[in-house]
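> Given the structure of chain A, go ahead and fit chain B onto it with the hints provided.
Going down the list, the sequences are from chains A and B. With the working numbering applied, the first sequence corresponds to residues 1 to 174, in that order. With the working numbering applied, the second sequence corresponds to residues 1 to 393, in that order.
Any given hint could be a false lead.
Stated by the list, open to error - Each computed EDC-like pair below joins lysine to aspartate or glutamate, with the alpha-carbon atoms no more than 16 Å apart: (1) B:K51 <-> A:D110; (2) B:K162 <-> B:E144; (3) B:K209 <-> B:E144; (4) A:K58 <-> B:E144; (5) B:K345 <-> B:E144; (6) B:K168 <-> B:E144.
The set of hints was computed from the structure by calculation and includes no laboratory data. Since we're looking at a predicted model, the values are computed, not measured.
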Amino acid sequence: MSENKNNLVDQVLIKLKNWARINSPWAIHFNSGSCNGCDIEILATLTPRFDVERFGIKLQGSPRHADVLICTGPVTLQARDRLIRVYEQMPEPKFVIAVGSCALSGGVFDGCYNVIGDLNKVIPVDVYVPGCPPRPEAIIYGVVQLLEALKSGKPKEPITVTEPVPEVVLEEEI
Amino acid sequence: MTNSSGEKFVVPIGPQHPALKEPGQFQFTVDGEIVTGASIRLGFVHRGIEKACESRNYTQDLYLLERVCGICSHVHATAFALGVEKLAGVEAPPRAEAIRVLGGELERIHSHLLWLGVAAHEGGFDTLFMYTWRDREVVMDLLESISGSRVHYSLNVIGGVKYDITDKMADEIRRGMDFLEERTHYYMKVVTTDDTFVGRTRGVGIMTKEHAERLGAVGPTARASGVERDIRFNAPYSAYKEFPINMIMDTTGDLEARFIVRIKELFECYRLIREILDNLPESDLTVKVKRRIPAGEVISRVEAPRGELLYYIQSDGSDMPARVKARTPSLCNWATISDVAIGHKLADMPMLLVGIDPCFSCNDRLVQVNRPNQTDLNWSWDDLRRYGIEYYR
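The shape of chain B in the complex, shown without the other chains:
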C-alpha cells in the first residue's frame, strides 16, 4: 500500500519471532490485508561451515557436516561419505548401504512428522501438533536404539556405517512402523477432511508445474506441483538401486497437496523400511579407506527430506578437502515463497512459509556472484570474516 507520500507499508517479521524456531527476517509489503510483495533476509545462522571443512580432515568433516542441520543430519553425512568414497574409489559393503538407506528413511519419517506438527501449529491446530510429536517419539526411540543419539546419529563413517541392525532391533523397528502406519492413516484423514485444516490449506498458495520448474523448486514442494524430481528415483544412489521407491506425486500444487505428498511419502517410507529389514544383505559394515584421498572432484546428490541435496567435494590429495560446497534444498525452495505469497492474506503467510518445510540452518550459505571486473576468486579466512562483519553490521 502506498500512502499519500508514496511510501509503501511494510510489515517486518523477525529475526526473533514466535512462528518458527529459527531466526529469519521477512518483510511483507501489504495493501490492507493482501500481501503485494515479500522479501526474505537470511543469514542469521551463517557459521561458515564450508570454509571450516577445509581446515579439518575428512573424518572430522563428517561430524561437522552432520551439524549443518539438526533435522536432516544423516543425509548430509551420507552425501559427503558417498562423495568421498567415490573419490577414494571404494564402495561401501551392501549391508552398510542398506543401513544407510534405512537410517535415511527413518530420518525422513521423523522429519515429515515434525513438519506436520509444526505446520499444524502454524495453522492454529495445536492438538495435531501434540499428536504428531507424541508419535514422533516412537521413531526417535528407534533412531536412538540404533545409534545412541536422538538427533545426530553419526551412522556414517567413510567406507561404511558404524552400527549394525540386530534381529531384535529389526523387530522393534517393524513394531514401530506398524504403529506409525496406523497413526498416519489417521493424519491423512484429518488433513483431507477436517474443516479447520482444509480451510487453511485447500486452494492456498497454488504453484503450477511451470511455475515450480521456473523457480527451481525441489523435493515434496516440487512434487506437489507435478514436477518429477526425486533423486532416489531419478538417479538412485546407495541402496536405492536394490530397494527402489515409488515417486509420490500430486498435480494440484496447493498447500493441501504438499501435506498429502508428504504424508503419502510416509507410507512409502514404512514400506521401504520393512522391505530393507526383510532383505538386509549379509556383509561387513566397513571397508578400509586411506586417510589421504586421491586428488579429484566429485558431485554427490542425495534426496533429503526437503528435496535434492548436492555436495561438491574437491580433493587435492591430502587428508583434508580442498573445497566442500553444499547446496541445500531449503534455499532452492525459498524463491517460491516470495513469488507465491503475492495476492494472499497476511494471515496465510505462516502456513505458506511452513509449506516448503523451511530449515534456516541449512539455508545460510554464502553465495558469491562473480562480477565481470573481478579477478581474484579466492577468499582468505580474514577476507570472509571481514566480509561477514561488514555485511551484517
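Excised from the complex, chain A in its bound form:
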C-alpha cells in the first residue's frame, strides 16, 4: 500500500516538475566558435520585438541553473573541452539546441584545420535550427518545438526546424 502511495507521489512530482520545466525553461548560451551572427540573433530574441520571455524562457549565465543549452558555431578544438564541461555541469534532464548551419554541419568553416565541424560529434543534440544565421523567429520556433516535445515526454528523435518559419504557426503560438 505504502509503495503505491509513494509511486503516486512520485508521479505527481514528475508531472509537477515537467509542468514547471515547460513553463519556464532556463537557457544558457555557449559560443563554440561561431562568427557572432547567431549569437546576436539569439540576443535579439530577448529584445522587445521577439521577446522570448513571453514563453517563460530566460537566458542566464550559469550552466548549473540551466535546462537548455543553446549552442552556436562549429566546434573549435579548444572550445570542445569547455563545451563538454559546460554540458556536464548542467543538471539532468538537459536539452541541447544547435543554432545555425555551422553547428549543424560545420557550414562555411567545414574543413578548417581547427574545427571539428558538427555539434553532434561532441554532445547529443535535441533540436536543430538551420540558417546562416537563422532568423530570431526560427530560434524561438525551435525552442517552442522542444517545449512541445517535452509535453509528451523527452524527444527521442532529433527535431529539425525548417526555415522559413510559417507565419501562421507563430500567430497560433501567441
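Showing chain B alone in chain A's frame:
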C-alpha cells in the same frame, strides 16, 4: 594582492561567462577590489579562416570572409573585394561603390546601436539595452529589404554589388533614418545626463592621446582619445571620395567620450546615407572580372565600425589566393585593456571591456613571431593543426 606566502590573488573570468556572448578568458590580479594586473587569453574561436582561404577560390572566399564576424560582415567582404579588384586591375562602377558605402554605413548604424545596448547592459542599465535593440530592428529591416538577410548581407561580388537600391527602397531607408535620428538624440541625452550612466562612465578608463598612439588603438576607441585615425577620412576608399565624411573626435579619452564619439558617428552615418540616396550615380552594378587573378600582392584598408581593418592579399595567378591576411580592429584595441584596467575597481571591468567594442570572432588570429634561428616559415595544414591541438591542450 600577495598573501604571506607571496602568492598573487587572481580572479579568472571565462571562457564561458555571462558578461559577453563570446568566449574569452580574462585574469585580473587584484589587491582588495583594485585591479593591479590584467591578462587576456584569446583563441577559443580560432577557426583558421586565413588558411582556409587558400583552398577556396575568390568567390568562395568572399562568403567565407564575410563570416569572420557576424557584426561587421559587410566590411570584411568589401575590403577583400576592393583588394581583389585592385589586383585584377578593374574598378567597380560608381553606383556599385555608392551602394557598398551605403551598406557599410547601415552596418555601422546597426553595430553602434548593438554596442550601445550591450554596453548599457554591462552597466546594469537594461532598459536602455531593450530600447536600443528595439530601434536597431529598424535598420535590420532595411538591411534585410536590401539583401534578404539580417546578418550576412552578401552585398559584394568581385567587381561590384549584387543588389540595387530602388526608389521605393530609398524612401524606406530615408524614413528609417528619420526615426533613428530622433531616437539617437534621446540616447545622446541619456548617455550624457543620466546619473546612473554617467557614474559608470565619466572619468573611468582614461586613455591619453600619447597612450592611445603608443598602444596602437584604432577606430572610435582611438578617436575618443584625440587620435586622428579614420581610414574613411585619411585614405578615402570606394565612394568615400565622392561622399566625404567628417571625422568625429573627442579629447577626454574616458568611457563617456567613447560613448559620445560613437553616438555622434551615428548622426554622421544618417547624414551620409541621405546624401548617397540623393546623389546615387546611374551605372551598371558589376563589371566583369576574370576568374584567374593576375599575380601580385595588395593591401586593402577599410574602416570597420570598430576601427581600421586591413587585408593583405597575395595572388599567384590562379583562381585561388596564395595568402590572405586579415588584421582586425578588435585585436589592436585589446592591448589598451590590459593597460588601462590597472588601478580600476573590479566592478568597472565589464564596462571597460565593452568600451572598446570587443569582437572575439574577429580576434582569434594566429600570429607567428619569427625566432632568430627559425628558417622554415611555411606552415603546412598538418603543422597548423598539430600546433593548434598542442597549444590549446
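> Taking only the CA atoms, is the gap from A:K58 to B:E144 under or equal to 16 Å?
Measuring from Cα to Cα gives roughly 27 Å; hence the hint is violated.
> Taken at face value, is the distance from the CA of B:E144 to the CA of B:K168 at most 16 Å?
14 Å, holds
> Would you check the hint for B:K209 and B:E144, treating anything up to 16 Å between C-alpha atoms as holding?
39 Å, violated
> Hint check: B:K51 vs A:D110, CA-CA at most 16 Å. Holds or violated?
Given pair B:K51, A:D110 holds - Cα atoms ~12 Å apart, limit 16 Å.
> Next pair to validate is B:K162 with B:E144; report whether the Cα-Cα distance is within 16 Å.
Distance ~14 Å between B:K162 and B:E144 Cα, so the pair holds.
> For the pair we were handed, B:K345 and B:E144, check the Cα-Cα distance against 16 Å.
Between B:K345 and B:E144 the Cα gap is close to 42 Å, so the pair fails against 16 Å, i.e. violated.
Hint compliance for this structure: hints 3, 4, 5 are broken, all remaining hints hold.
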